[in-house]
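Okay, here's what each chain looks like letter by letter:
Number of protein chains: 4
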Amino acid sequence: MIRAGILGATGYVGAELVRLLAGHPGVEIEMLVSQSFAGQKISDVYPHLAKVSDTVCEALDAQKAADACDVVFTALPHGASKDVIPQLFDKGLRIIDMSGDFRYNDARVYAQWYGQPHSSPELLSESVYGLAELHRDKIKNTRLIGNPGCYTTCSILGLVPLVKNGLIDHKTIIIDAKSGVTGAGRGLAQDYHFCECTENTKAYKIGTHRHTSEIEQELSLLAGADIVLSFTPHLIPQKRGILSTMYASLTAEVTTEELMAVYRQFYKDEYFVRICGAGLPQTNRVAGSNFIDIAVVADARTGRAVVVAALDNLIKGAAGQAVQNMNLMFGLDEKTGLLAPGLYI
Amino acid sequence: MIRAGILGATGYVGAELVRLLAGHPGVEIEMLVSQSFAGQKISDVYPHLAKVSDTVCEALDAQKAADACDVVFTALPHGASKDVIPQLFDKGLRIIDMSGDFRYNDARVYAQWYGQPHSSPELLSESVYGLAELHRDKIKNTRLIGNPGCYTTCSILGLVPLVKNGLIDHKTIIIDAKSGVTGAGRGLAQDYHFCECTENTKAYKIGTHRHTSEIEQELSLLAGADIVLSFTPHLIPQKRGILSTMYASLTAEVTTEELMAVYRQFYKDEYFVRICGAGLPQTNRVAGSNFIDIAVVADARTGRAVVVAALDNLIKGAAGQAVQNMNLMFGLDEKTGLLAPGLYI
Amino acid sequence: MIRAGILGATGYVGAELVRLLAGHPGVEIEMLVSQSFAGQKISDVYPHLAKVSDTVCEALDAQKAADACDVVFTALPHGASKDVIPQLFDKGLRIIDMSGDFRYNDARVYAQWYGQPHSSPELLSESVYGLAELHRDKIKNTRLIGNPGCYTTCSILGLVPLVKNGLIDHKTIIIDAKSGVTGAGRGLAQDYHFCECTENTKAYKIGTHRHTSEIEQELSLLAGADIVLSFTPHLIPQKRGILSTMYASLTAEVTTEELMAVYRQFYKDEYFVRICGAGLPQTNRVAGSNFIDIAVVADARTGRAVVVAALDNLIKGAAGQAVQNMNLMFGLDEKTGLLAPGLYI
Amino acid sequence: MIRAGILGATGYVGAELVRLLAGHPGVEIEMLVSQSFAGQKISDVYPHLAKVSDTVCEALDAQKAADACDVVFTALPHGASKDVIPQLFDKGLRIIDMSGDFRYNDARVYAQWYGQPHSSPELLSESVYGLAELHRDKIKNTRLIGNPGCYTTCSILGLVPLVKNGLIDHKTIIIDAKSGVTGAGRGLAQDYHFCECTENTKAYKIGTHRHTSEIEQELSLLAGADIVLSFTPHLIPQKRGILSTMYASLTAEVTTEELMAVYRQFYKDEYFVRICGAGLPQTNRVAGSNFIDIAVVADARTGRAVVVAALDNLIKGAAGQAVQNMNLMFGLDEKTGLLAPGLYI
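Residue numbers (our numbering), protein chains in the order written: chain A, 11 to 355; chain B, 11 to 355; chain C, 11 to 355; chain D, 11 to 355.
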């Protein structure tokens with residue numbers, strides 16, 4: 011059994027990790043760390059977990075983590091991660107970090123988008139960007155994963171087949187993404203008060219959201235060229251789900267059927283990527299699961315490709331992807347513990 | 011492996027059965043019957059099931075069902091069940107029926123509340139009311155289950171400890187129940203149009219809802235007296251979840267703590283019944299799971315007990331309870347395939 | 011023109027008062043007081059009011075209020091009201107207070123339910139309970155209104171015709187009320203985070219909610235006897251609207267039609283009370299308006315009356331009722347500025 | 011008083027027209043036409059209108075309409091409009107049509123996007139596109155208005171200042187629009203069942219939605235060039251509100267502040283257009299009102315302008331805009347009857 015710990019267990023991503031790991035046949039949860047709820051059972055903080063996991067949360071003790079665990083998931087606020095992780099790494103633990111701190115190849119990009127220098131740049135050469143569909147082999151051979159962002163996973167996987175096959179002019183990429191409110195986490199703010207979210211849709215951080223830089227990094231790597239793109243996040247009145255609608259000019263005349271065939275071929279061995287048959291992706295078809303659904307349309311009138319991708323921001327966009335990475339790191343079947351479909355209704 | 015079939019696979023309860031059985035380690039889905047979608051894959055009708063169950067729906071063939079299946083779940087509209095079930099029963103199948111047709115001990119009660127005579131009253135002596143927490147032994151030894159209604163399960167399990175222990179005056183029972191919209195099924199009606207449901211709460215069928223008679227039957231059996239009670243269903247703007255708030259005059263001066271202790275003792279061996287510690291039940295803590303959460307308050311000012319119970323109407327109130335019954339009928343651990351907690355957020 | 015001020019203008023009730031008074035043909039808003047947002051335009055805090063009211067919020071100056079205003083609406087947190095109001099009252103202002111502080115005839119009842127002695131009990135003999143349908147004449151002749159609570163208005167108006175006509179046994183009254191989240195106000199708390207409210211219903215403060223005492227006071231007055239009743243509030247996943255479902259044993263055999271006729275007669279001159287024709291009240295039919303919709307059912311099986319009433323907690327349950335009271339205090343048509351129906355969809 | 015009739019009074023747009031006209035000080039509703047509900051009071055079909063408008067719906071009688079009304083609003087299904095309108099027009103009535111039938115200058119464009127020839131192309135030279143902010147003078151002098159679509163109004167008004175001032179390369183325009191479910195109307199379909207809409211977001215009709223052609227027509231007129239653009243509609247889980255996010259490459263280096271100044275100047279005399287100060291548009295700030303809120307951002311990294319616009323699809327996107335047009339046609343202040351702000355919460 012893999013002995014697992016979660017740092018930041020009482021945030022929304024942390025609670026999802028508890029839920030997924032408690033149902034994982036090859037994992038034992040050994041340690042839940044929460045500063046705010048140390049001494050309380052996780053099922054007192056999240057009563058839906060009663061009888062599922064009644065582990066008591068505790069304060070962080072890095073040595074104890076190293077002794078008790080084989081792998082630690084860090085679901086901490088930005089900034090907190092990079093102070094804790096080096097000492098855990100030094101103790102030989104495997105680490106899957108949910109923050110932005112270890113997602114970058116270049117510390118300068120991090121500094122530019124996060125507004126502060128990276129505190130442990132030397133670890134960036136150790137860390138692997140944890141998108142299994144692109145970096146599976148590296149993930150199997152690292153001890154430190156920068157688990158991708160939610161918007162990021164949805165957008166990169168949606169665009170990769172076009173970029174990789176040179177089917178679009180990468181100067182024309184525009185990503186319009188819509189996210190449910192769990193993406194903002196458990197913290198309180200006026201914007202996330204029920205009465206201000208429900209019956210409401212809005213854009214935010216136009217052109218400045220940090221996930222932009224992750225998407226550009228990964229697509230640039232694939233294209234072998236520097237890609238600069240437009241990314242606009244929106245908040246929509248639902249709990250879970252991201253829908254990314256992506257636009258780019260086609261480099262050749264192709265039909266929707268031809269593009270769909272490209273996608274089917276590209277993802278033919280990826281269990282968690284579903285290319286839609288009829289119909290377009292909807293967030294309620296993936297919410298609760300580790301699937302990402304994708305469709306692509308060739309619009310002959312405008313000469314553009316329009317890609318739509320949907321995933322559950324807390325699962326394929328966070329905790330589920332983290333478990334997928336853990337499975338790879340420990341040599342398990344990648345799908346272990348991740349087979350539950352969403353509920354739809 | 012248990013070979014299972016579902017009649018009415020494309021309704022909401024049917025789709026939940028597919029989801030649960032597809033993840034059940036001891037079951038093979040052998041047949042999905044749908045009149046409306048015969049010839050289509052279940053995953054075309056419900057794309058969230060793509061890669062999970064791609065079984066093709068077919069029209070009903072009773073002989074084929076008998077040959078292919080060990081157990082059949084019938085999730086048909088009321089009325090349809092009682093025409094099909096006798097022939098399936100005669101062929102030796104085990105049957106778990108989701109309609110009201112086989113929930114009654116007395117055909118006259120059925121006739122009174124359903125407005126028509128029962129068409130196979132002789133089967134009522136074979137059928138068992140499928141509430142495992144009350145009738146576990148009978149369920150293990152029958153071939154025909156009348157699977158309880160959603161409001162019913164929530165209300166009966168909430169009141170049983172009080173009724174059984176003579177703690178309330180059973181002439182004073184009032185049940186005020188609130189249900190999510192999936193309880194109304196997949197069919198179209200103006201009342202279930204998104205724009206007319208969202209931001210809306212209403213009562214309906216005051217004093218006349220059919221589930222009243224099921225609750226009265228089961229509580230009367232336990233009390234050894236005819237119980238007549240008030241039941242008011244409400245529609246609330248959410249997909250899943252029933253919350254029942256129940257009132258009755260106490261027959262003695264007791265404290266909340268004493269009542270809670272009665273509940274804990276009564277349900278101490280029931281995995282799917284969780285008696286709340288601190289706090290009261292909430293539908294989002296059970297939605298997606300087979301749990302029912304219950305709390306009870308003694309109100310000294312009024313001399314009443316107030317019980318609150320919450321469950322997922324499609325799971326513990328329908329498909330999950332059906333799988334629980336199947337497990338019992340086939341000698342499996344009752345919890346098999348039903349361990350997933352809800353998502354909460 | 012009536013010169014009006016609002017203390018606590020940036021809470022949800024305050025913002026509703028701004029909206030209603032800005033559209034009132036006989037009112038000029040002279041002063042908006044907000045501690046948190048002093049110096050900012052109300053339309054910066056609530057951008058839906060841009061071009062509607064761009065008044066700048068200011069800190070409280072009681073003398074300035076007395077000079078600038080004829081009437082002041084106080085929508086302050088509980089406790090704050092009773093410190094400010096005596097000085098405003100002494101300066102000769104008319105005051106409509108939205109808190110619980112001036113709703114009681116007896117300071118002892120206040121102390122019992124609010125857990126602290128009343129700080130200006132002498133004003134309780136001046137203050138009038140601002141439910142126009144019951145106390146219209148007194149409202150016209152007072153300078154201090156204790157504006158009723160939201161649950162309270164809904165429940166009292168729903169039960170008055172039965173109580174007044176001796177049609178129910180008042181020892182048997184049970185009120186099961188469901189409220190939208192705006193009832194909890196603009197303040198932040200985990201319980202009101204979008205992700206924890208949506209798709210969720212729960213009961214709270216069973217038997218202990220303060221509005222219980224208001225309902226008991228008013229119904230006892232009408233009955234000429236001490237009424238003690240059960241009141242259970244619930245939180246439902248919508249912004250606006252309260253639905254109260256009320257139960258009591260009938261003292262005589264009556265039909266639904268007879269009860270409906272009693273209600274129609276009782277409220278025949280009340281514009282804002284609508285007795286439902288066919289169908290039952292729904293919150294989406296009153297949300298956005300000052301109407302309360304009521305229906306009553308006689309349940310012969312149980313010998314009980316079941317009353318359902320619905321209103322918008324921020325309008326007929328708060329700001330609209332306050333404007334209705336202001337109209338009466340200043341000799342205007344009671345309906346002035348309150349004629350807009352809700353939006354329904 | 012203007013004597014008004016509504017054809018198709020019981021659809022969602024029809025019901026909004028009833029609500030707005032019932033509160034309009036210069037209008038008398040003389041006739042409500044509904045095939046489905048002839049003989050029933052509008053307040054029986056829409057009980058939120060009880061005591062507001064209790065007019066009885068009737069079947070269509072064109073002569074009676076001509077005798078009783080000065081203006082007729084036609085809110086009929088597509089296709090129905092063009093059969094009825096010519097005869098009403100011939101009888102001398104003023105007509106404001108909510109369908110797509112009279113929004114086009116060129117019958118060939120209509121035929122191309124609606125898949126059928128236009129049945130009264132001669133009326134297209136009489137009809138005026140009813141977007142007051144662009145065609146105010148023509149609206150004042152016509153008897154036939156093609157009232158703009160909801161997506162259309164939001165998108166055109168959002169882009170006009172950029173197009174008119176040559177600030178963007180019009181080959182690069184991409185519109186990503188999100189609409190609440192009332193935009194789909196009152197009709198029943200699986201897609202609009204509450205359980206399939208809530209907690210869900212999806213794109214539909216990529217590149218093929220009919221409103222594309224309206225947007226292209228109006229922007230091309232302004233640009234003096236044929237504009238072909240990408241338009242993607244989305245369905246979001248809320249009742250009211252459209253948010254359009256629009257992208258185009260800038261033709262010069264400009265700052266956000268400079269673009270905002272262009273918008274402020276362009277719309278300085280337009281009451282119903284609000285250019286956001288701080289913050290970006292949100293649908294809950296305009297829902298319930300006739301306002302459209304707009305903001306624009308210059309993204310220096312990508313050289314693109316990103317415009318966000320929000321309106322209430324049933325008001326500024328349909329019924330409110332129709333009343334605005336009626337006011338202009340009859341020489342009233344354009345704002346009459348349209349001053350109510352939204353409710354926000």
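Fair warning: there could be bad hints in the mix.
A pair counts as met if it fits within one copy or between any two copies, since identical chains are not told apart.
[Claimed, not checked] Calculated pairs, SDA-like style, for lysine to any residue (alpha carbon to alpha carbon, straight line, at most 20 Å):
(1) 345 - 307
(2) 148 - 201
(3) 61 - 276
(4) 215 - 270
(5) 150 - 289
(6) 61 - 278
(7) 345 - 35
(8) 101 - 55
(9) 345 - 33
(10) 101 - 219
Bear in mind the hints are in silico, worked out from the structure with no lab data behind them.
Next on the checklist: Within a copy, between copies, both or neither: which one fits residue 215 and residue 270 at a CA-CA cutoff of 20 Å?
Outcome noted: between (32 Å within a copy, 17 Å between copies)
Checklist entry - Is it within a copy, between copies, both, or neither that the alpha carbon of residue 345 lies no farther than 20 Å from that of residue 35? => result both (11 Å within a copy, 16 Å between copies)
Next on the checklist: Cα distance capped at 20 Å. Does residue 150 pair with residue 289 within a copy, between copies, both, or neither?
Outcome noted: neither (35 Å within a copy, 44 Å between copies)
Item to check | 20 Å Cα threshold - placement of residue 276 relative to residue 61 | outcome: between (42 Å within a copy, 17 Å between copies)
Item to check | Identical-chain pair category, residue 345 with residue 33, by Cα at 20 Å | outcome: both (13 Å within a copy, 13 Å between copies)
Checklist entry - Is it within, between, both or neither when you check residue 101 against residue 55 at 20 Å Cα-Cα? => result neither (30 Å within a copy, 50 Å between copies)
Next on the checklist: Checking an output row: residue 61 and residue 278, CA cutoff 20 Å. Within, between, both or neither?
Outcome noted: For residue 61 and residue 278, the Cα distance is within 20 Å only across copies (12 Å; inside one copy 39 Å).
Checklist entry - With identical chains treated as interchangeable, where does the CA-CA distance between residue 101 and residue 219 reach 20 Å or less: within a copy, between copies, both, or neither? => result Answer is neither; intra-copy 34 Å and inter-copy 53 Å both fail.
Next on the checklist: My question is about residue 345 and residue 307: at a cut-off of 20 Å on alpha-carbon distance, are they close within one copy, between copies, both, or neither?
Outcome noted: neither (29 Å within a copy, 42 Å between copies)
Checklist entry - Within a copy, between copies, both or neither: where do residue 148 and residue 201 come within 20 Å Cα-Cα? => result neither (39 Å within a copy, 42 Å between copies)
Hints 1, 2, 5, 8, 10 from the list above are not met by this structure, while the remaining hints are.
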